[in-house]
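J.: What follows is the residue order along each chain.
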Amino acid sequence: MTKPKTLLDKIWKRHEITINPAGQSLLFIDRHFCHELSFHAFNMLEKRKMKVRHPSRTIAVADHYTPTTGEDAGDFKSLDRFKLYNTLKNNALEHNLNFLGLGDQRRGIIHVIGPEQGFSLPGTTIVCGDSHTATHGALGALAFGIGASDVSHVLATQTLWQPKPKKMRVIVKGFRPAYVSAKDIALSIIRHIGAAGGTGHVIEYAGPVISSLSIEERLTVCNMSIEAGARAGMIAPDETTYKWIEGRPHAPKNDNWEEAVSAWTLLKTDEGATFDKEYEIDGQLITPMVTWGTSPEDALPITGLVPDPLEETNAEKRANLKRKLDYMGLKPGTSLTDITVDRVFIGSCTNSRIEDLREAAAVAKGRSACVHSIVVPGSGLIKKQAEIEGLDKIFIEAGFDWRPAAGCSMCVGVNGDLVSPKERCVSTSNRNFRGRQGPDARTHLTGPAMAAAAAVTGKLTDVRSLQRN
Amino acid sequence: MVPFKTLKALAAPINQDNIDTDQILPARFLMMPRDQKYRTYLFRDLREDNNGLQTPDFFLNQKKFSKAQIIVAGRNFGCGSSREGAVFTLVDSGFRSVIAPSFGDIFYNNSFNNGLLPIVLPESLVKELQQFLINEAAPEITIDLESEQIFCEATSWVKFDIDPHRRERLLKGLDMIDYTQQFGEAINRYERDCLVDKKWL
Chain B
9 MTKPKTLLDK
19 IWKRHEITIN
29 PAGQSLLFID
39 RHFCHELSFH
49 AFNMLEKRKM
59 KVRHPSRTIA
69 VADHYTPTTG
79 EDAGDFKSLD
89 RFKLYNTLKN
99 NALEHNLNFL
109 GLGDQRRGII
119 HVIGPEQGFS
129 LPGTTIVCGD
139 SHTATHGALG
149 ALAFGIGASD
159 VSHVLATQTL
169 WQPKPKKMRV
179 IVKGFRPAYV
189 SAKDIALSII
199 RHIGAAGGTG
209 HVIEYAGPVI
219 SSLSIEERLT
229 VCNMSIEAGA
239 RAGMIAPDET
249 TYKWIEGRPH
259 APKNDNWEEA
269 VSAWTLLKTD
279 EGATFDKEYE
289 IDGQLITPMV
299 TWGTSPEDAL
309 PITGLVPDPL
319 EETNAEKRAN
329 LKRKLDYMGL
339 KPGTSLTDIT
349 VDRVFIGSCT
359 NSRIEDLREA
369 AAVAKGRSAC
379 VHSIVVPGSG
389 LIKKQAEIEG
399 LDKIFIEAGF
409 DWRPAAGCSM
419 CVGVNGDLVS
429 PKERCVSTSN
439 RNFRGRQGPD
449 ARTHLTGPAM
459 AAAAAVTGKL
469 TDVRSLQRN
Chain A
56 MVPFKTLKAL
66 AAPINQDNID
76 TDQILPARFL
86 MMPRDQKYRT
96 YLFRDLREDN
106 NGLQTPDFFL
116 NQKKFSKAQI
126 IVAGRNFGCG
136 SSREGAVFTL
146 VDSGFRSVIA
156 PSFGDIFYNN
166 SFNNGLLPIV
176 LPESLVKELQ
186 QFLINEAAPE
196 ITIDLESEQI
206 FCEATSWVKF
216 DIDPHRRERL
226 LKGLDMIDYT
236 QQFGEAINRY
246 ERDCLVDKKW
256 L
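As they're listed, the protein sequences go chains B and A. For the first sequence, my numbering begins at 9 and goes up steadily by one. For the second sequence, my numbering begins at 56 and goes up steadily by one.
Note that these hints are calculated values from the structure, not bench results. As the structure is a prediction and not an experimental result, all values here were calculated from the model. Be a bit skeptical, because a hint or two may be false.
Computed footprint of chain A on chain B; a stretch qualifies when at least three of its residues, placed anywhere within it, have a C-beta under 8 Å from a C-beta of chain A [unchecked claim]: (1) 84-97; (2) 386-396; (3) 433-447.
With beta-carbon atoms standing in for the labels, derived distance ranges [what the hints assert, rightly or not]: (4) A:Thr210 x B:Glu319: 32 to 38 Å; (5) A:Lys60 x B:Arg61: 46 to 52 Å; (6) A:Met87 x B:Asp284: 37 to 43 Å; (7) B:Gly341 x A:Lys92: 41 to 47 Å.
Cβ coordinates follow ideal geometry from the N, Cα and C atoms, glycine included.
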């Protein structure tokens, strides 16, 4: 009998071209996404006068620096940002890459449009010069972020050298209570294992709560893997996955579809396969979550209190905790639901898909935002779908700032959508790092319904308290 | 790439965990080309306050550490964003090595592409090193990559572990694309034999 294998083992083996004497594997890369900040990598290629080895396997998408107010050149309001866009476009044209540019409704955040277009498929290897590439693992792919030198290596060779990562499994057992979102599951996992808990590992998420998630929810969970320090996150493909992928523009068609699905059904961890680390989380105990500090591991149930440094016995930890609270402008012992906020951001590769917008709109409907709240769809097609469903109208009537153009926006702030110094923002993005949304900006991460709840109350709010009969 | 063999240099402590790459290189500098200004972005928002005034307790602003080439940091250094610019700005500022109990995986990987040596040591030892750096007037650490050891007066010789492939890359200043091209035959073979049953890609 052959040794039981994990999902990761199977994908790894399938892409291993060779192993060098030091034990690193040369992996074939099926799909590569690049964006405006890939210019370093194209410069490296240019210096060597090299061509892209497999242009059809790279998809260039502008998302980081694009405006959200519209898709015209004038919307950039910055020559430098517009130049970055043009550099990407020129590199894509010169190397004959797939390119999704302004005005193309398929354009959007890479980690949203990759799955949406069917570029990202089960069993594939996917890389991008962006740490949230782990998102695509939700479809049963091995997907991870890389730096500029590795991007140039992929462009030149369609391969990457990788040491075999360690394997971790996170099982979420039981069931998911009402009003608990995929984001709450992700934040609970990170709180449990820590921001460095996954270092050197690829996480496979499994268990009944994970299996019951929609693909959009799975994308949210895998997206946050990097915030637990993991190289990648993945979920074995199942019927939910196949149904979601079928018919997408780049999904296999006809005979190829049958063949693909029968290959994908083998992509699961065998009974008896072992992991380097395993965690089990009780789904019933997960509640709506919010972060209070400057690392995604600083997450608490919304019913909690701001931690007190005085209760920390270790001097160094006490000093670190105090530093976080000073930065966040928070007093120890404050009820999280007493914290007033200045603005809300609903969007990013974590939470900008149609289900996220529906969740937020359900809370916003018939209520009124009392702080500036922007909603940025993850792709042009999601924007279109939201408009078909009338979600845009719900947001606009509730006083939200509905943005007509997709992009990373206020998650990283480089397109000009910034949080001002000392402003407190409730954000559906993935990072609450110091200065992430702008210098001295204070970020509280939540799921989309919780963000909408904060928008209509002006405070961090337990979405369950807004329950309608 | 400049090979890395041995280094004896001044070292500086950052005794905080989870120093993410947004701290090392704030996002607003990401669009900048890599030129002589790149080093000025290093830790910008930790080094200066909102009004552009230097924050005196940040290590780079202390005279004693201004010429440091080694950083001894807390857990999970370089976590977060994949931006290789975080490594560029460290290297352009003269840093050759970072010692920490753990690193963000992507940062760790990016380091080797730029001749920066990340060294993983047990947390207790890292704390000991940091204390030494705080106590001494001009604290130096010696790193010998060949024998995988570091030395300082407080700890004497300490062994560290590093993947042999990555070690060799640094020792030789090996360029990865050149290296991979030696495997051109294997890549061609894979593409010919192993992609046929994945024609839907």
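J.: Next, verify each hint and record whether it holds.
T.: So, going through the hints one by one against the coordinates:
1. 84-97: holds (count 3)
2. 386-396: violated (count 0)
3. 433-447: Holds, because 6 residues of the stretch 433-447 of chain B bring their Cβ atoms closer than 8 Å to Cβ atoms of chain A.
4. A:Thr210 x B:Glu319: 32 to 38 Å: 33 Å, holds
5. A:Lys60 x B:Arg61: 46 to 52 Å: 33 Å, violated
6. A:Met87 x B:Asp284: 37 to 43 Å: For methionine 87 of chain A and aspartate 284 of chain B the Cβ distance comes to about 39 Å; the hint holds.
7. B:Gly341 x A:Lys92: 41 to 47 Å: 44 Å, holds
In terms of the numbered hints stated before, the structure departs from hints 2, 5, listed from lowest to highest.
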